[in-house]
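Model the full structure from these sequences, guided by the hints.
For reference, the chains in residue letters:
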Amino acid sequence: MGASVNPERTLDDALAEAEGRAGVQMHDLMTELYPICRSITGDGVRQTHEILRKYAPLQSFEIPTGTEVFDWTIPREWNIRDAYLRDPEGRLVCSFREHNVCVLGYSTPVRTRMCLEKLRPHLHSLRDQPDVTPYLTSYYQEDWGFCLPHRVLEQLPPGEYEVVIDSSLKDGSLTYGEVILPGESQEEVLVSCYTCHPSLCNDNLSGVVLCAALARCLEGIRNRYTYRFLFIPETIGAIAWLAVNEGLVGRIKHGLVATCLGDAGPSTYKKSRRGNAEIDRAVLHVLQQSGAEYRVEEFFPSGSDERQFCSPGFNLPVGSLMRTRYARFPEYHTSADNLEFVREDALEDTFIKYLRVFQVLEGNRSYQNLLPKCEPQLGKRGLYSLVGGQKRQAASQMALRWVLNFSDGSHSLLDIAERSGLDFTTLRDAAEILCEHHLLAEL
Amino acid sequence: MGASVNPERTLDDALAEAEGRAGVQMHDLMTELYPICRSITGDGVRQTHEILRKYAPLQSFEIPTGTEVFDWTIPREWNIRDAYLRDPEGRLVCSFREHNVCVLGYSTPVRTRMCLEKLRPHLHSLRDQPDVTPYLTSYYQEDWGFCLPHRVLEQLPPGEYEVVIDSSLKDGSLTYGEVILPGESQEEVLVSCYTCHPSLCNDNLSGVVLCAALARCLEGIRNRYTYRFLFIPETIGAIAWLAVNEGLVGRIKHGLVATCLGDAGPSTYKKSRRGNAEIDRAVLHVLQQSGAEYRVEEFFPSGSDERQFCSPGFNLPVGSLMRTRYARFPEYHTSADNLEFVREDALEDTFIKYLRVFQVLEGNRSYQNLLPKCEPQLGKRGLYSLVGGQKRQAASQMALRWVLNFSDGSHSLLDIAERSGLDFTTLRDAAEILCEHHLLAEL
Amino acid sequence: MGASVNPERTLDDALAEAEGRAGVQMHDLMTELYPICRSITGDGVRQTHEILRKYAPLQSFEIPTGTEVFDWTIPREWNIRDAYLRDPEGRLVCSFREHNVCVLGYSTPVRTRMCLEKLRPHLHSLRDQPDVTPYLTSYYQEDWGFCLPHRVLEQLPPGEYEVVIDSSLKDGSLTYGEVILPGESQEEVLVSCYTCHPSLCNDNLSGVVLCAALARCLEGIRNRYTYRFLFIPETIGAIAWLAVNEGLVGRIKHGLVATCLGDAGPSTYKKSRRGNAEIDRAVLHVLQQSGAEYRVEEFFPSGSDERQFCSPGFNLPVGSLMRTRYARFPEYHTSADNLEFVREDALEDTFIKYLRVFQVLEGNRSYQNLLPKCEPQLGKRGLYSLVGGQKRQAASQMALRWVLNFSDGSHSLLDIAERSGLDFTTLRDAAEILCEHHLLAEL
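Heads up: the sequence lines are chains A, B and C, in that order. Numbered per my numbering, the first sequence finishes at 443, counting up by one with no gaps. Numbered per my numbering, the second sequence finishes at 443, counting up by one with no gaps. Numbered per my numbering, the third sequence finishes at 443, counting up by one with no gaps.
Hints are computed from structural coordinates only; laboratory data are not their basis. One or more hints might be untrue.
For chains that are exact copies, the list does not tell them apart, and a pair is met inside one copy or across any two.
In silico lysine-lysine, BS3-like type, Cα no more than 30 Å apart, as pairs [to be verified]:
1. 118 / 170
2. 373 / 170
3. 253 / 54
4. 118 / 380
5. 373 / 253
6. 118 / 373
7. 380 / 170
Every value quoted in this text rests on a predicted model; they were computed, and no experiment measured them.
Okay, structure coming up:
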């Protein structure tokens, strides 16, 4: 990866270089971010931003507690230094220092002793997955609690427990970050991830490291679109960002919510609310051409921040390209969503798919065939044995014909890709060659 | 069942009460109607009306013989008192008193003796179903005849037969009935059944008893729509009704032809000619949500009275919700279509499906999300643990979100039901709750 | 077959007569045309026209070398008298007189001796099909060569070979032919075949003999459409024809490219670029109704002359009804595509399908139901037991009802055929009967 701007460098170059490297780099960054205790507010988010700034020009913003954002209000800021639960024998049952998911997110400060009976309502576990610690929060209803494996919970002896949560919940601010990479146009591609989960990897960190890697990669390229990467707390962050930036949402032409990107499952695409936006078609084209298994889901109004971007008052063309969808893998929202669960090769494959989607968005244009009556004579222009590799030649011949035949003013290259079954970049290269030979003009 | 108008009573109440009762009641009424010899005209129809008036406010109408109704003319009125056929030994071969289908419908009066050879063209049987008596008529071509099991026909001895048909065919009138239940709106839901078959159950009486039960049930409820139930002779009755009421067909917003509703087969829906009318979508939604097997047929211009309602000059949104479709069950138009063939549980299941369809029609509206930018904060309004039952809670949460997200002025609740896969009433209830919280307004 | 114009004769008559005869006649003509060495120009084409004139009123046209036709230029005319290749022992390796495909099409004249090594680049074979001679041409790049079985090529002894190609390549003209059969309307049905292949049967001659037979058949019938049969060299001929006739392409309402029509495979239809033109729907209807297996391909911009007719500047409604598609059968473009490969029964089946397509095009009209409110009373008009054959009667009853119900001004007979699943001619006959009874009027 290199961050200097190079007008000659293209997404194709970036793709060629990604293989065998991008996955390791993203996983290394994830390892660095893993121990931090993040939430929808607090210093964990700021620490995360500091680390990300080493990779991409991230700008941080603070929105004060009490600010009204549409129907919501920015909550108080939560910070936590330590927390533990000791049984009557003084043995550690839960320790924040061992694993930060053991504390109910947004727990109010507690320092007391209480019998098991009174403690019980504050203990959370998963009966179905007795060996893992669940991840729970209580942002908008004051509460405190510990999460622990059900097997541990069941064996807790009666008696008096020591309960310590050294947290604070007071006026402060909500922190979010943006990386903006200006392109030739003010029109934007939005990629959004969330930074509000503590030590959880696929659901959260995979999005953060992917966005950091994409931003770093795109920074070195002159792009058609402006790329905006959002690092926001889920839900309240998306709502706050939209409230603060309402005036510029019209620039967002395409968008993706990046979450659950590093597990071993096949890619899943959840369509935008529009269902047939260019981003939807671009992602589906890339998934089809990948040759790998994939799943497609129609938009539904639960999930991640597409709920806000696709609320009816905005209805932005924002989909979500994931691997296994949230709530579909058993490790979801448990301590088992850890550094081992996320695989380097899966992260890299996702990274490549995102770049391929950007290739389509960047290259998708409509052209006009300048000799639309009958075919032009390709032979006299040397266009019969044109493209280097033997294998690509037949495809290229067909690509030239498809582009010529359907560049009638009402088909974009992506339309032609869908109709022909040919890969977008093959058609894009064919269009470029035909433009050079004055057989085609960009519309 | 109770017939007093109660503005608090709803279709939901009626549905809750139907189970375990509606089927028995309909079958009892069918048993009462079964012995009567009905035809497209005559006293059998009037007798049927008399009985129905015990259940619902049926109004009877008479259209005189000779009245021109579009391309047709009301025929002479047919009545029959007795009919029989005796073999040369004086043994009864056919007896109207034993089973009225043994007489060719609209048979002219006969009282004579003739040899088997001359009699033969007047005897009708089914070679493929040798044990049952077929049901045949000759409304528009003067004729007389007997129908009998093929096995009996084959064994008739030669010799002179006694032939008696004590019928009359003279100027009179065609009788049809209507139950009109006024709703808040003059817009109508039409449900049509036919009263022209003699002792036949699934094809004919099942429609009559269903319409009577529906009318009785709806009479006690304050409805949005006006409900009109037609009890007409098939074809000529529908044509006559349309001719007489041409001025008000514009009020008919939804309609169903009720026939073949009590056999053990799965439900079948034959779409209206429009194919995607609200009635079509409402019925399909109910069938999908039923969880039971069902069949769907596109409109075709043969069948029952949808042929007239969906003729191109009217093209009304009228489909037909049946069980096994006419001509698809071997008992159809034979003496085997009897009281045993029609089952209480099947009648009741059909009754419930009709009520569910009415629920959709009554409740289908479009709403406007009043906070369309991002999601409203449901938690602060206590809308997270709202609806009573545990099981329904998750669905209800989703229902609230679906209604909010798609209430953008261009989606009705039925649109949202189709898109979400959730049951219509769950969405309807969610919409009501959101209206109470001023998050939604009816359009 | 009979060529005298007979206003009473119909396509239905022609179809009835075709069975058992058309296939033999077409194969006989193919046998006559087979030995001739055709190319995109030259005397072989003119000879072919001479023979065809015995069957149909073919008019020949000449376009001089050097004429510019859109992006192309009419090439020099090629003629060949003899060619052979002898090995060092004087044995014939290739002989034009034995099989004309052994010469690379458009070979420049050669008369020399050369060693195998220098000769080698001029010899062409198929490694995968070692026993057949491939068919190759070099129209626009001057070259000469021989084609031969790979098994022969591999065993050529070293030494000096005698190479003789007695051809000429000089200014002349390109020859194409037309048969125009005027109909009631100037609107045209275009059927195009190509005449540029030497002794090859399925790919080339099958189209020529089919077009000749269709022209001969249609000549005796008074048609609604004008039929135009083109006998052109592939690609350059289509381009030239379109350039010369650009002003009249607006008349072409339907078109088919006739190629690969006589092999044993199922019919294949390649749709026009429009994809849902009337010709596409007519062909699909005929194929569906045939009861036989068939294949459908969406338009793609390679193949035969549909590439030119469907170039974006013309976008004519021209599809291609074939049997096995070019490049999909191993005999394609080899000496194995011979008189045995093409079967009489397959040619005849194709001929019948083309006539059936013309039946649909000729008969496809929209009608208005003159009694659109309810059904007209068919019985009083004797329309209940109307059509002769017992078997057709039920279908005919349904046909009457379908035509009546959907003749609402927005459905053509073909629309009704698609919706009903009934055969087009059954509906067409029903419409005719209904017109006679003043129940229907042509729009």
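From the Cα coordinates, with 30 Å as the cut-off, is the pair residue 380 and residue 170 best called within, between, both, or neither? between (76 Å within a copy, 19 Å between copies)
Between copies, within a copy, both or neither: which fits residue 373 and residue 170 at Cα up to 30 Å? between (72 Å within a copy, 28 Å between copies)
What label fits residue 118 with residue 380 when the C-alpha limit is 30 Å: within, between, both, or neither? between (88 Å within a copy, 27 Å between copies)
If the cut is 30 Å between Cα atoms, do residue 118 and residue 170 qualify within a copy, between copies, both or neither? Intra 26 Å, inter 91 Å, cutoff 30 Å: intra-copy only.
Evaluate residue 253 and residue 54 at a C-alpha cut-off of 30 Å and name the case that applies: within, between, both or neither. Within one copy only: 28 Å inside, 65 Å across.
Under a CA distance limit of 30 Å, which applies to residue 373 and residue 253: within one copy, between copies, both, or neither? between (34 Å within a copy, 18 Å between copies)
Could you figure out if residue 118 and residue 373 sit no more than 30 Å apart (CA to CA) within one copy, between two copies, both or neither? So residue 118 and residue 373 fail the 30 Å test inside a copy (84 Å) and across (42 Å) alike.
Of the numbered hints listed earlier, the single one contradicted by the structure is hint 6.
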